[in-house]
Amino acid sequence: MKMDQPTDETLRAEGADWVATLHGSLPSSPAEAREYEANCRHFIDWVRRSPDHVAGFLYADDAFCRLNGLDLLSHVDIDELRNRYSANIQEQSSSFSPKTSQRPRRFRRRTLFAVAASILLIFAGAISFEILKHSHEYATAVGEQLNVKLPDGSLMLLNTKSRVWFAFSAQQRLVYLTQGEALFEVEHDQKRPFIVLTPSARVRAVGTRFNVYQHPEGATAGGNSTTVSVLEGVVQIASQTSAAVNSVTEPSVPSETLESADTSAPPTQAPARLAAGEQASISRAGVTRHASPDVADAVAWRDRVLVFQGTSIADVAAEYNRYNTSQVRIEDTDIEQRQLSGTYSADRPENLVRYLEEAFPVAVTRQGNDWIVRRR
Amino acid sequence: MSTAAPIDLQLEAEDELLRVLEGLPVATQIAIVRSRRDGWTYEQIAVELGVTPHMVKHHIGRAISHFVAYFRQVDRESAEQGVRP
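Keeping their order, the protein sequence lines are chains A and B. Its first residue numbered 3, the first sequence is counted upward by one per residue in our numbering. Its first residue numbered 3, the second sequence is counted upward by one per residue in our numbering.
Pulled out of the complex, with its shape left as it was, chain A reads as follows (with noise of 0.2 Å):
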């Protein structure tokens, strides 16, 4: 054996580690995103390093797996293990110095897994090598359009400046969108949920086609929540929140807790149903459901269209800066606010421009690619 070669101690441990890590809880903001990604692709570093850390990782699993499955450790006694836990805290608290033991605890809470964990990434051992197999990212650059077949079948079309990473096993197909749009026209399979997930949201579909668009932060519309529209079939929709974290891998909701076609009500943390022909935009606070959607305009984008109804100018500019690296920039608060109907191609910004020329008392300049557009 060489030297350098992990003992069999240390690669159990190894896997066991991977094992409880993937099993936390999904990220449930960017930055918890990023940091999740980053361990799935550690991970995936780990795990191809040799096919002992293979079979590492599958022990751990099998194991994580038998101990759940075999409802073996019906028996245990919790209550006293609980309060053999607080004896033992108290005595080491009693025996060295009570006075520091008093002192605030110092350490940060880790958030990486933080909130509750119930779509879980290995769902009873549902991570294995079809994990690995099927595990990819997919990103697109500004102005750029990616149709992608995912390995069940369904498409995926992914819209400009958007990231996507997913992973399918035997018992769900995981789809992570951390940025931008996607278009997915879902394979039916009763026994894979087909679910999407956004910093903000939850989309758990069996077989439909539905757009999601996860806004940007800070946007001055829908800024840091996700809308999703359904075309075909139907979806349940969740926030990314705890209390509504378990209801999106329930088979069913009841209908009964949909919220009315009022964008004026409030949000509701309890996960929906949306069907076809209806939108809602879920941010953290919970699920809000679009008074009287246009679905088709939602999805426009296909044919690389942007259409406006009653929209500000500040989010028209934003729209087309979506989907181009020549910006527009508007530098008055006034124009900013008036609002602008119509359906316009996503790829000539200048059209923008040249309507503002013409409808507003501005005075355009150019600054590199950019537009910046004031009040003369």
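Calculated from the structure, these hints are not laboratory results. You may find that some hints are simply not true.
[What the hints assert, rightly or not] Computed spacing ranges between beta-carbons, pair by pair:
| hint | chain 1 | residue 1 | chain 2 | residue 2 | range |
| --- | --- | --- | --- | --- | --- |
| 1 | B | Ser80 | A | Arg304 | 52 to 58 Å |
| 2 | B | Val49 | A | Arg306 | 45 to 51 Å |
| 3 | B | Glu50 | A | Lys193 | 32 to 38 Å |
| 4 | A | Ile46 | B | Glu50 | 45 to 51 Å |
| 5 | B | Glu79 | A | Ala278 | 52 to 58 Å |
| 6 | B | Arg74 | A | Ser52 | 14 to 20 Å |
| 7 | A | Thr12 | B | Glu79 | 21 to 27 Å |
| 8 | A | Gly279 | B | Val49 | 38 to 44 Å |
| 9 | B | Arg21 | A | Arg286 | 43 to 49 Å |
| 10 | B | Arg74 | A | Asp299 | 53 to 59 Å |
| 11 | B | Arg74 | A | Ala143 | 47 to 53 Å |
| 12 | B | Ser80 | A | His77 | 18 to 24 Å |
| 13 | B | Arg74 | A | Val150 | 25 to 31 Å |
| 14 | B | Ser80 | A | Asp191 | 48 to 54 Å |
[What the hints assert, rightly or not] Residues from chain A that keep clear of chain B, each with C-beta distances beyond 10 Å, as calculated:
| hint | residue |
| --- | --- |
| 15 | Ala65 |
| 16 | Phe66 |
| 17 | Pro218 |
| 18 | Glu234 |
| 19 | Phe310 |
| 20 | Asn371 |
Just so it is clear, CB atoms sit at the ideal spot from N, CA and C, and this is done for glycine as well.
Using the hints, position chain B against chain A.
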């Protein structure tokens, strides 16, 4: 041969598993039971134990590692005896 045999085996396995569990520190025992049996999240377990979720993850990893050793031994023994666990 009797119909009771599978139940006996089950009870025996449970008994043994509890003994294996007792080989772990108390906090680690609570963490793995809460996670596997009760379906608690690391956050929830962290609150019960008064530690960080990160520490809970360490407990879970330690417990898994402990049980891997046990299950591998069980599997080796049953392979020798030609019995499925």
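Now for the hints, and whether the structure bears them out:
1. With their beta carbons about 57 Å apart, Ser80/B and Arg304/A fall inside the hinted range of 52 to 58 Å.
2. Distance hint check: the CB atoms of Val49/B and Arg306/A are about 49 Å apart, consistent with the given range 45 to 51 Å.
3. Taking the beta carbon of each, Glu50/B and Lys193/A are about 34 Å apart, inside 32 to 38 Å as hinted.
4. Checked against the given bound of 45 to 51 Å, the beta carbons of Ile46/A and Glu50/B, roughly 32 Å apart, lie outside it.
5. Restraint check, Glu79/B to Ala278/A: a C-beta distance of roughly 57 Å satisfies the suggested window 52 to 58 Å.
6. Look at Arg74/B against Ser52/A: about 18 Å separates their beta carbons, and that is inside 14 to 20 Å.
7. Checking the proposed 21 to 27 Å range against Thr12/A and Glu79/B shows it holds: the Cβ atoms sit about 24 Å from each other.
8. For the pair Gly279/A and Val49/B, the supplied restraint of 38 to 44 Å holds, since their beta-carbon distance comes to about 42 Å.
9. Between Arg21/B and Arg286/A, the C-beta spacing of about 45 Å keeps the proposed range 43 to 49 Å intact.
10. Separation of Arg74/B from Asp299/A is about 58 Å and conforms to the stated range, judged on CB atoms against 53 to 59 Å.
11. For Arg74/B and Ala143/A, the Cβ-Cβ distance of about 48 Å falls inside the hinted range of 47 to 53 Å, so the restraint holds.
12. The hinted window of 18 to 24 Å between Ser80/B and His77/A holds, with their beta carbons roughly 22 Å apart.
13. Checked against the hint of 25 to 31 Å, the C-beta distance between Arg74/B and Val150/A comes to roughly 40 Å, which is inconsistent with it.
14. Ser80/B and Asp191/A have their C-beta atoms about 35 Å apart, which leaves the hinted 48 to 54 Å range violated.
15. For Ala65/A, the requirement that its beta carbon stay farther than 10 Å from each beta carbon of chain B is not met, with the minimum near 4 Å.
16. Distance check on Phe66/A: its Cβ comes as close as 5 Å (rounded) to a Cβ of chain B, failing to clear the 10 Å threshold; non-interface status is violated.
17. With a minimum CB-CB distance of about 28 Å to chain B, Pro218/A clears the 10 Å threshold, and the non-interface call stands.
18. Against chain B, the non-interface label of Glu234/A holds: every CB pair exceeds 10 Å, the least being about 33 Å.
19. For Phe310/A, the condition that its CB be more than 10 Å from all CB atoms of chain B holds, with the nearest at approximately 42 Å.
20. No beta-carbon of chain B is positioned within 10 Å of the beta-carbon of Asn371/A; the least distance is around 45 Å.
In this structure, the hints that do not hold are numbers 4, 13, 14, 15, 16, in rising order.
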